[in-house]
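Keeping their order, the protein sequence lines are chains S and P. Residue numbers for the first sequence follow the working numbering, beginning at 7 and rising by one. Residue numbers for the second sequence follow the working numbering, beginning at 7 and rising by one.
Watch out, some of these pointers could steer you wrong.
Copies of the same chain look alike in the list, so a pair counts if it fits in one copy or across any two.
Unchecked claim - The calculated DSSO-like cross-link candidates involving lysine-lysine, where the alpha carbons are at most 30 Å apart (straight line), are:
hint, residue 1, residue 2
1, Lys-445, Lys-18
2, Lys-46, Lys-57
3, Lys-352, Lys-290
4, Lys-278, Lys-352
5, Lys-362, Lys-41
Just so you know, the hints here were simulated from the structure itself, not pulled from any lab data.
Protein chains: 2
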Amino acid sequence: MDPIKTYIETHKERFLEELFGLIRIPSISSVGEHKDDMVKAARYLVRQLHKAGADSADVFTTTGHPVVFGQKTIDPTKPTVLIYGHYDVMPVDPVNLWDAPPFEPVIKDGKIYARGSADDKGQLFMQVKAFELMLQQKNLPCNVKFMIEGEEEMGSPALGVWCRENKEMLAADIILVSDTSMIAHDIPSITVGLRGLAYMEVEVTGPDKDLHSGLYGGAVANPANILAKIIASLHDENNHITIPGFYDDVLDISAKERSDMARAPFSLDEFKHKINIDEIWGEKGYTVNERTGIRPTLDVNGIWGGYTGEGSKTVLPSKASAKISMRLVPNQHPDIISELFTRHIKNIAPPTVKVKVIAHHGGNPYVSPTDNPAYRAASKAYESVFGRIPIPVRSGGSIPIISTFEQVLGIKSLLMGFGLDTDAAHSPNENYHLECFYKGIETIAKWYGFYSDERDSEVK
Amino acid sequence: MDPIKTYIETHKERFLEELFGLIRIPSISSVGEHKDDMVKAARYLVRQLHKAGADSADVFTTTGHPVVFGQKTIDPTKPTVLIYGHYDVMPVDPVNLWDAPPFEPVIKDGKIYARGSADDKGQLFMQVKAFELMLQQKNLPCNVKFMIEGEEEMGSPALGVWCRENKEMLAADIILVSDTSMIAHDIPSITVGLRGLAYMEVEVTGPDKDLHSGLYGGAVANPANILAKIIASLHDENNHITIPGFYDDVLDISAKERSDMARAPFSLDEFKHKINIDEIWGEKGYTVNERTGIRPTLDVNGIWGGYTGEGSKTVLPSKASAKISMRLVPNQHPDIISELFTRHIKNIAPPTVKVKVIAHHGGNPYVSPTDNPAYRAASKAYESVFGRIPIPVRSGGSIPIISTFEQVLGIKSLLMGFGLDTDAAHSPNENYHLECFYKGIETIAKWYGFYSDERDSEVK
Numbered sequence: 007m008d009p010i011k012t013y014i015e016t017h018k019e020r021f022l023e024e025l026f027g028l029i030r031i032p033s034i035s036s037v038g039e040h041k042d043d044m045v046k047a048a049r050y051l052v053r054q055l056h057k058a059g060a061d062s063a064d065v066f067t068t069t070g071h072p073v074v075f076g077q078k079t080i081d082p083t084k085p086t087v088l089i090y091g092h093y094d095v096m097p098v099d100p101v102n103l104w105d106a107p108p109f110e111p112v113i114k115d116g117k118i119y120a121r122g123s124a125d126d127k128g129q130l131f132m133q134v135k136a137f138e139l140m141l142q143q144k145n146l147p148c149n150v151k152f153m154i155e156g157e158e159e160m161g162s163p164a165l166g167v168w169c170r171e172n173k174e175m176l177a178a179d180i181i182l183v184s185d186t187s188m189i190a191h192d193i194p195s196i197t198v199g200l201r202g203l204a205y206m207e208v209e210v211t212g213p214d215k216d217l218h219s220g221l222y223g224g225a226v227a228n229p230a231n232i233l234a235k236i237i238a239s240l241h242d243e244n245n246h247i248t249i250p251g252f253y254d255d256v257l258d259i260s261a262k263e264r265s266d267m268a269r270a271p272f273s274l275d276e277f278k279h280k281i282n283i284d285e286i287w288g289e290k291g292y293t294v295n296e297r298t299g300i301r302p303t304l305d306v307n308g309i310w311g312g313y314t315g316e317g318s319k320t321v322l323p324s325k326a327s328a329k330i331s332m333r334l335v336p337n338q339h340p341d342i343i344s345e346l347f348t349r350h351i352k353n354i355a356p357p358t359v360k361v362k363v364i365a366h367h368g369g370n371p372y373v374s375p376t377d378n379p380a381y382r383a384a385s386k387a388y389e390s391v392f393g394r395i396p397i398p399v400r401s402g403g404s405i406p407i408i409s410t411f412e413q414v415l416g417i418k419s420l421l422m423g424f425g426l427d428t429d430a431a432h433s434p435n436e437n438y439h440l441e442c443f444y445k446g447i448e449t450i451a452k453w454y455g456f457y458s459d460e461r462d463s464e465v466k
Numbered sequence: 007m008d009p010i011k012t013y014i015e016t017h018k019e020r021f022l023e024e025l026f027g028l029i030r031i032p033s034i035s036s037v038g039e040h041k042d043d044m045v046k047a048a049r050y051l052v053r054q055l056h057k058a059g060a061d062s063a064d065v066f067t068t069t070g071h072p073v074v075f076g077q078k079t080i081d082p083t084k085p086t087v088l089i090y091g092h093y094d095v096m097p098v099d100p101v102n103l104w105d106a107p108p109f110e111p112v113i114k115d116g117k118i119y120a121r122g123s124a125d126d127k128g129q130l131f132m133q134v135k136a137f138e139l140m141l142q143q144k145n146l147p148c149n150v151k152f153m154i155e156g157e158e159e160m161g162s163p164a165l166g167v168w169c170r171e172n173k174e175m176l177a178a179d180i181i182l183v184s185d186t187s188m189i190a191h192d193i194p195s196i197t198v199g200l201r202g203l204a205y206m207e208v209e210v211t212g213p214d215k216d217l218h219s220g221l222y223g224g225a226v227a228n229p230a231n232i233l234a235k236i237i238a239s240l241h242d243e244n245n246h247i248t249i250p251g252f253y254d255d256v257l258d259i260s261a262k263e264r265s266d267m268a269r270a271p272f273s274l275d276e277f278k279h280k281i282n283i284d285e286i287w288g289e290k291g292y293t294v295n296e297r298t299g300i301r302p303t304l305d306v307n308g309i310w311g312g313y314t315g316e317g318s319k320t321v322l323p324s325k326a327s328a329k330i331s332m333r334l335v336p337n338q339h340p341d342i343i344s345e346l347f348t349r350h351i352k353n354i355a356p357p358t359v360k361v362k363v364i365a366h367h368g369g370n371p372y373v374s375p376t377d378n379p380a381y382r383a384a385s386k387a388y389e390s391v392f393g394r395i396p397i398p399v400r401s402g403g404s405i406p407i408i409s410t411f412e413q414v415l416g417i418k419s420l421l422m423g424f425g426l427d428t429d430a431a432h433s434p435n436e437n438y439h440l441e442c443f444y445k446g447i448e449t450i451a452k453w454y455g456f457y458s459d460e461r462d463s464e465v466k
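Sequences are here, hints too, so could you generate the full structure?
Laid out in structure tokens, this is it:
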């Protein structure tokens, strides 16, 4: 048996126990009360990196949650791989929809169920374990650095600055990231495009207090009705976004690229069945994969106002709010889109209400090269483990920091993700397949060898 | 000094203490956990009625929260007054907007601040105290019955049936209700019209779980966006309601009636200033008072869906819901309107989502006569206390049970309310003016004498 496989088989129970220790720390970055948990998770990772064989590993303070940085230098003349991941997770509400407590991992039907099991603690941990494996087997052919942040789910507000301040320490040839998905457990794919993000909040205020809807209803603008009008107006009858200038920077996709994309296996019935919908929705003139891959979107992520409790309350609410985010495609800029959004909402808001627009966080879209040694090595590694050449795909998700890395550090990223669409990342009952976890470790471990070879042959 | 005034002056502190005892019981009818408080409040009122001099007073069970019934028979040949009120109150959220705990009454700037201080515990208590006063002064010229329910804020679901079952016990010549407002503390008015109510809830379901808005956004209908579209479509550009058939039963109001209404004092600046809005809103072609008095309306009372916590969560919500109520005018029927609403929402819902419509509660509109002894007596009583003849007005609010009384018991109601628009009924910091409380007791006490005289002169 292959020594990589043997090592994984021998240590698989310990790998899980170590991962579970990390999952049990409820490191929700966007909720203030979990501040101490962020530090706890960072320290846990420092211990794990030491244990795996890093020369050094430390918790670095930032203007936000801390960053974990660790490294192992084999030979300064060899290439250096910078591994990026995040130890923060999404909030868990609505918690009543979870079958088990979100921070107590359980294994069921070959999957780990817990918040962060896939996004990104489980995936990040594959990187730590592949590193350990290669090191223990004295097979690590390059230098490795780890940069693990605690604010990815908030849009990485502090990491860009921290990278700028630590540019030398972070010097590397390629950034390796496991935080994306494959097409299916037996159809490997590599994400070569990510959408950007602009996340906004709109607050509509009518009267300065909740009013009796009988005494005032009909004579006072209802902020919930006005907010509904505003949101409704943001898509036209073809589900195009109506914000002036919104599509100005979107690049045309060639017919060739679109037909290449169309070759990725896709079953509409399966797509609908998986999330239990009768009909799909989307921008006229585009396929499902195009709608999530190459087109920008606008979605309400949350809406609230007035009485939302049991029974009825005849109130005309003082305020109504919505969280609205837009996914962006290459060449769109989150700052410009935030500005266009804000200006448009202020323009269309009627004088009967006051409207406040807040920009939460943004991220640039990213397109990853497929013609470099790192990608070619990945293609070989996936093929050797899964028996199929991975398909390059564009994902609808965003990892805002990836394009920042390129701008600040001048380093390209390779997105070797092993998640599945069914992982329920960000949702109740998030889960991660054990098969993906172990195959991921194997693929990453093999990637090191292929990468070293590809680099060598390129130099020659 | 007038003996009525003297009695009030002598006992005013005790009156308040007794009222506060009732206010301190958090009898929120629509919230299940307050079930025991409902019984507690009912029992408190029974003790108060006994103390005030009732021959009998008891808690009656119903299919919902209990009804308090008490009576005093002076002389079976004399007219009988049935006093109606409610001991239940609205929920208190958002509780963080209250300056003090809602169920701990405090007096500040001549007002009682507490949930229920105006609606309806304070107003109901004026009736109890006026009854006590007349009885103690041996001046009560008619028989008095009290019927105090605990489900008014839920639309009185049980009281109609209870009235039918207790029709003989409830026999009376007039129903007296203090649960409405006056134009101003120095401009008395009597409510002669009430709007009806149809209270609905709409739940829009997209995917069967919350999804990652990046991976799915753009290809799956977002229930919050769809709900916004639905709500937005319910008013046209003139703020007319678009539900087919909605206005079919609305009666035309004569130019004479409209010009009579227009004579009620009204300051647009004051109206806007009081609730801190820059511009009013409403149906084209109608004045503010017409919009709240004689026109039906549709308002969102609450809306919720997706992530509503701190920070950001990039979720495509599975569900979004709204509570939507319509105020109805004479000749509109809540059951018909509920049906039209439900059918319309189902018609316009796109096939990309599933929509559920629930009817919460309804109530018929009511128009009260101004040419009967009870109204004439009220006019005289207000004039003698306030120095001005009260103005008959149509209120935008609803007391759904009032038209049920007429249908089931065959008795007309007289709405002697002493609330003010500034009372913040149903809102945080609900309050009731002490001046209104004491003048209300005085006016009601005087009304008994005038009513008796009017009846006598009518019989002659």
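Against the structure, the hints come out as follows:
1. With identical chains, the CA atoms of Lys-445 and Lys-18 are at most 30 Å apart within one copy only, with a shortest distance of 11 Å there and 81 Å across copies.
2. With identical chains, the CA atoms of Lys-46 and Lys-57 are at most 30 Å apart within one copy only, with a shortest distance of 17 Å there and 64 Å across copies.
3. For the homomeric pair Lys-352 and Lys-290, the shortest alpha-carbon distances inside one copy (27 Å) and between copies (24 Å) are both at most 30 Å.
4. Proximity of Lys-278 to Lys-352 under the C-alpha cut-off of 30 Å is restricted to the inter-copy arrangement: shortest distance 21 Å between copies versus 37 Å within a copy.
5. Within a single copy, Lys-362 and Lys-41 get their C-alpha atoms as close as 28 Å, which meets the 30 Å cut-off; across copies the closest is 40 Å, which misses it.
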